[in-house]
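Undergrad: Here's the letter readout for the chains.
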Amino acid sequence: MDFSFLDVQHIRMKKIGAYALLFRNSIAKGTWKKYGFEEGYEQDNLIFSVLLYIMEQSLKEEICTIDYIGNFIDEVNSLHFKKEMTYEDCKELAEFIVNTILCDEGKAMYFAAFNFKLGEYESLNISFIKNKMEYIEGVRRVSYSLTDDGYSLLLSTLEIEENLKMTIHEIVFKMHLEKASYDKAVDDIKNIFNMLRIRVQSMEEAIRKIKENPLNYSTQDYRNMMEGNLELLKDSKKKFTLHRELIEEKINEFIEKDIHIKELNEEEKESLNNLKIIENYLSRTIDEDQRILKKHFDLKDIYGKELENISKMALIERFNFKSEVYNKILDNPEKLDNIELFLRPLLKMDPRKIYNINKALEYQKSINEKSLEKDEFLTFEEGDLLEEENKRKLEKLEKYKGVIEIILELGRERGSISLGEINSLINENEVLMNSLIPSIQIFREVIIEMLKNRIVDIGEIKEERKNIVESGEIEFQLNKSILEILDTNKSLKRISKIKVEKIIDNCDVKLEGLKDEKGVIRNFICSDISFEIIDGGFKL
Amino acid sequence: MSYSIDEIKMSNKIFYYLLKHGELKEGESELYKSYSENENITQLVKEQGEASESFVKKYGGVVYLIPKEENDFLGYSKAELKKTLCKSSANDKDYYLSQFVILTLLVTFYNSQGISSKSRDYIKIGEFLNIISDKLNDGVSRSNEENSGIAFKNILERFESLKSSDKKTISKTTKEGFINTILKFLDDQGLIYYIQSDDMIKTTKKLDSFMDWNLLNKNNYDRVLRALGEEVNE
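These protein sequences, in sequence, are chains A and B.
Take 2 as the starting number for the first sequence in this note's numbering and just add one per residue.
Take 57 as the starting number for the second sequence in this note's numbering and just add one per residue.
In isolation and in its complexed conformation, chain A is listed as follows (with noise of 0.2 angstroms):
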């Protein structure tokens, strides 16, 4: 008998693979029955709806971390499955579906496919999905999507094979129109822009992946993707260019009528507006068309420049790092007496450092309190709270610079403006309060830092911020931060002085329910201080 049929065997069970895989990893895992899952359709239904939200996630090219995924189940649970579970019980389900039966916990994946052709299993690595590290409000987290695989599991349960899919797509999509059926021509249109930014993804993934070892991707797929992309791209762009002349032109149809009319009815109001719809997906689907080319010529460099980077490697031997040193090790602990040895081209030391004895003769600045503070934080705490404490530290900054940017405002208004005066206004205000003086303590900072200083004059630090190297540390600096803030904000920018003096015949000045840094309400007793801002001439 012929067994040519069997022929492409191994390259459906990839597909197979896929849906073997996943029920595997999620059959019999007492886990779903903790939340209520009891039933295995139950547990399957919810996994194909987290693979789709995460390709929702994937297509809008959104960070989906495991809270988005937990909030989303929440979510749906509390609409359709009503199982009792708690915010914090959803989180700990989309852990388990996302970690155990979406990546097995890390591990590699394989399935093994029977070539007939070879006559023998062929292994296939399936992953339905990639992680990536964010940040995310200055916090690392990590950030799911879908791979190829993962689209092409989910793209099977509805959608068809990837060029064919397109060329489809665009029959129905013109069938559509034809038919003035606009409100499925709107889906039709949405599944094509979808379609080609898979594409470009699955671009990006393959970059990814060639960067990361060149070696893991065949000859073979470079050349489905090239082909499938010059396939894909030709006269794509004519074509969409077409469909939207036409759409723009139906569009005019119906603002004449408009015109004409005054009024249309419900159904056809609906067809203007989903005809709209249409035209803005045509125009981002042929954006998204360049994109396909520009990352087709991307990926064509890339490869061919890290094949070259590796071809010098390629030859290179590994021993098995399982039985010839870990193995060893379990056997004799004392092998691990030198083992240090075996890591250190992995460690590198920072050099130490020398000291400059010039550095004794430099004008020396207080270290104050603050800064003290925060060194001693750090010595306890370790180095995880340093993203933490450096988000603060720009926040605290930028309330500094607040409150010199209202003083220089208020003062450019006038020419100059004195304690007092600034006293009276903000009595009134309670925004301009709350910007000017956050807490006592920057207040004062930010006032004794200027009456310290006198005279600020800005050509001479602009000049003497050049010869400055930044030394990193996030702190307030006066003049530092009067520069940004010209920078910044264009009305200032032409003041070229600013005079701070305690005016010493005036009475003091009594600041009422000020707030210091706990957010105790407290009175201020100072004398008074006079700002004077001088403007300079036009600046080119």
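Hints were generated in silico from the structure; no laboratory data involved.
It is possible that part of the hints are untrue.
[Stated by the list, open to error] Simulated pairs of lysine-lysine, BS3-like, Cα-Cα distance not exceeding 25 angstroms:
# : chain 1 : residue 1 : chain 2 : residue 2
1 : A       : K329      : B       : K274
2 : B       : K69       : B       : K89
3 : B       : K274      : A       : K336
Model, not experiment: these values are computed from the prediction.
Chain A is already provided as a structure; the job is to place chain B on it using the hints.
TA: Positioned in the frame of chain A, the structure of chain B alone reads:
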């Protein structure tokens, strides 16, 4: 062979950059280009590396400065490693445990015989702690520990005497805390991404390259033999 003064100047610049940053990527276009495209400069930088008891190697499009094993100035000596990984009051058991932890981390990630040695994408901290326990137990049952100075039994005892905690903590008396110090160190060295909010460890491209092309390279097998205290067959 003769070198121009410009080439020597450029090679000095590149080497100083490497000293400062440990690696040179494509982003530093002037230095990177000079290193990659001018053979004389490549040669000069490599010579400077040699004179500083280091290798200068290019893996996967990044130039690295790699201290040789005997280099105690740029590399970590055993004493310094101990100081960094275990902090003040540590004894030898702590140190051996830390070495075992690093080794276990590496073997968990790089145990493939495929095109790359990398065998997994990430590992969760919880699973990693379990693997360490299992492997230590494995060691206890496998090794013959009657007359040896270092015993898995002691190391395991040390590890198990650390409390386990559900909460994220950095106190060194817990397993999580002990591991935390080590992972932080590896993260600082640019070898792993330690993502604490998600309890996850991922490896960097640097570590992938180093494992594939250097540590597990058959040409460097002698280093393994020396580290394990076995005969080196020249």
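Undergrad: Evaluate each hint against the coordinates.
TA: Cross-check of the supplied hints:
{"no.": "1", "hint": "A:K329 to B:K274", "result": "holds (17 angstroms)"}
{"no.": "2", "hint": "B:K69 to B:K89", "result": "holds (13 angstroms)"}
{"no.": "3", "hint": "B:K274 to A:K336", "result": "holds (20 angstroms)"}
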